[in-house]
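S.K.: Here's the letter readout for the chains.
There are 2 protein chains.
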Amino acid sequence: MLHRVRSAVAHLVSSGGPPGSGSSVLPTPASPNPIAHPVAPRSPPAGAERGTRASGGAVENRGSFSRPTFLQLSPRGLRRAEDHAGRVVQSPPDTGRRLPWRTGYAEVINAGKSRHNEDQACCEVVYVESRQARMGGPGKSISDQGNQGLYFHYWGLFDGHAGGGAAEMASRLLHRHIREQLRGLVEILQDPSPPPLCLPSTTEASVSLELSCPGGSQPCWPLQKEVTHESLVVGAIENAFQFMDEHMAREQRNQYAVGGCCALVAVYLLGKMYVANAGDSRAIIVRNGDIIPMSREFTPETERQRLQLLGFLKPELLGNEFTHLEFPRRVQPKELGQRMLYRDQSMTGWAYKKIELQDLRFPLVCGEGKKARVMATIGVTRGLGDHNLKVSSSTLPVKPFLSCFPEVQVYDLTQYEHCPDDVLILGTDGLWDVSSDKDVADTVDKVLSSFEPNDPSRYTALAQTLVLGARGISREQGWRLPNNKMGSGDDISVFVIPLGGAGSYT
Amino acid sequence: MLHRVRSAVAHLVSSGGPPGSGSSVLPTPASPNPIAHPVAPRSPPAGAERGTRASGGAVENRGSFSRPTFLQLSPRGLRRAEDHAGRVVQSPPDTGRRLPWRTGYAEVINAGKSRHNEDQACCEVVYVESRQARMGGPGKSISDQGNQGLYFHYWGLFDGHAGGGAAEMASRLLHRHIREQLRGLVEILQDPSPPPLCLPSTTEASVSLELSCPGGSQPCWPLQKEVTHESLVVGAIENAFQFMDEHMAREQRNQYAVGGCCALVAVYLLGKMYVANAGDSRAIIVRNGDIIPMSREFTPETERQRLQLLGFLKPELLGNEFTHLEFPRRVQPKELGQRMLYRDQSMTGWAYKKIELQDLRFPLVCGEGKKARVMATIGVTRGLGDHNLKVSSSTLPVKPFLSCFPEVQVYDLTQYEHCPDDVLILGTDGLWDVSSDKDVADTVDKVLSSFEPNDPSRYTALAQTLVLGARGISREQGWRLPNNKMGSGDDISVFVIPLGGAGSYT
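Chains as they are written, first to last, in UniProt numbering: chain A, 1 to 506; chain B, 1 to 506.
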């Protein structure tokens, strides 16, 4: 079956650079062979990222548009990738070195919605040198001090809007911000005892204050909370998103990065997979045919109450243009005095209220599904960038309503023996708009069962099939694809991350 | 087995008033026989509540403490119910008329934690007369106009704190507020077509305004949302909680009602069960042995981020006494300048921060589990009342951080054929502190299987067993109870609502 499919879709799929043209070297592979490095080696391998402090570093201004480096596109390949008419699906070359964990990847540009593909992607193995090692005195090499760093594996999808700058910047720098946040935790995460609640400072504070306890002499807080290693990693990823967002704010003032992006990243560290999502991309694990959701979408609909609460508490953010109340349709001036359905920040149900003058303002949140908008402007409520985004025909900033914080879900890989068909799928909304979780799980089963378990190209073939399916390639063209009435006209990017089988990350 | 149990626990259980003393008449039974009235009868049955507008009505000042009227306690029974040493479990009399749906109920006072039992309960069948019928002109009777009212069945548990006034007031009035909110919906809920988004007013508005649309001429909101009948009922219940809370604010100024209460209510209307929870009580359905959670608890731990966000956006609510940041233990003055674990309103993980002077303030949220507190004062974050609650030794009000809004979950009874062993359990935290959902489900199975399916006393026996178990009665006393190390010292109240079998609500 597969051979027929392969030939049928061959003209729709392109795998990276020209055959034999340096496809054995990834531009920033971080490590020559993922199998070769244990989690905490004595010294970082050549090529592992270890240097510049991202938050302080200058942003490289590439000037022109680019695709993920691991695609290894030649100038001609780049032109093909930007062809809205052909919409060729792009994947890394299937010869030579592969992405870590044999990760599969595929992407396709939109059908003319924007000039460039505004999705970006990143896949890296990142070495985290401990802060203590970096602060070692002159004349001492890192290995002399016996400080062992940590590795994490990293996959990121960035779905840009209003320009590709933010997505591109995030794809190049977010993992560095994560590394910075983890740097101070290297020794703590490798120590099995619970993390210290308080760390000494180098300068001694000499303040003497009396602590008062509300309620007087009662011991109001006798115990201390136990904090897990896992929650430190979650906190590090959350703060890395915030630093990345602040970094963009500085650069947007310098006009390097424009627009905003959703960010969905997976971080594998010390046996656990951390999936962090800010936006409307989605991650699922397909394990033994079962679907395990690993993210939630953040949209004007799912975050309605958070947005309305902010508008209620800070009405100055609404200007005189918006009301924090939601109505099922626009209120008309002639309806003043009548009673209309509404809901506020505290309600999930609806009730009637008498229409007053301020209810004629535009609702902060309106519309449904893909048409839902905050301030009639943007359809996602979390992500990076958008610092200059204003309400159309207005100077009112939208950013105060957007959150840069991801929701992080943790999956412990040591709790289950995974087989080669168990995968983590990361996809931008272009995939999920037209494919349900079930569609994707069915395709996982169909494609992977048609390959040998050890065939290294099976995960890329799966990513390609998912993208082709979402693009709307019909069955007649040789593949039994998800039952789409119409393919997505959006950019589509998909990572397929195998969770077991190859043993490449033990 | 049961007879042995019955005799073994007989001295611990009391069923209402003295035998034969009027136990065939409930004080406010609302309907003589639940089977006799369909959902929308032509005219309300004698005794159904139909009159006074609760929000405007005066509060009956009972003066002294009371127990739910359906317990039909004599003065002597009331004294027994208030005996902390015996802690006799109270239930409605098992002769004569029962609670609607054969509902089981049991309660017990605490072990001296407060003087009175601060839990209260209510079980009613409530008739909702349509607003149109009420507005009928003089000389026309209700039945003349052909307007049919609606019934809803209602169960409420109210777990009081800092006094029993709020719980007692809520137990007498919340269902009336719900009735008021439903009154304008009577015709709409009985009309199968979608609810109208806008209702005409009696006075015509004559305003002509130009509506501007952000983004200019684009059709920014082409569609209208569909609103379901179900979401109207949810909105009505949500707003009834708010009106009840405002009602208490007015009465607390008049010093009638003191303290606050958690509220957990179930409303059965037109085939659906609406379970609304504000506080740390809990509802579960046990269906064919499976557990279906019907509520979530609202505590400083589960609502941490909501509370911290409010403190962050409105720092004036924290005075100079509290910080919105959370720390795993109290920060000491000598730790100034050191780095301590913390998390803010956006984080679920933890990270280190350098301790500054304002971090020495007491955290808005602290402690764990039952010891978690908001402002070192209160352990629940939703409920009714508490309008005068201040931080100990301070004038800072706690109320701005408490929400009176319930979360409403809906269960459609028509989607499943229920057997007589399928029940909805409502319990105050005294039950759930020492019994897990699984413990309760096991007890449901054990007790109900020892009775004939048609035995009307089986649900009261189950409620009694659950309360006895949570009170900590050991197995040696004749019953295989949940595996508690120690019984709850709190007030405990439990409703057992059968979902099928008797056909009493079709």
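These are calculated hints, taken from the structure and not from any lab test.
Here the structure is a predicted model, which is why all the values come from computation and not from measurement.
Hints should not be assumed to be uniformly reliable.
Each pair may be met inside one copy or between any two copies, as identical chains are not told apart.
What the hints assert, rightly or not - Under the rule of at most 35 Å between Cα atoms (straight-line distance), these lysine-lysine pairs were calculated in the DSBU-like manner:
hint	residue 1	residue 2
1	K314	K399
2	K438	K354
3	K225	K390
4	K446	K225
5	K272	K354
S.K.: Give me the numbers of the hints this structure contradicts, sorted from smallest to largest.
M.R.: 2, 4
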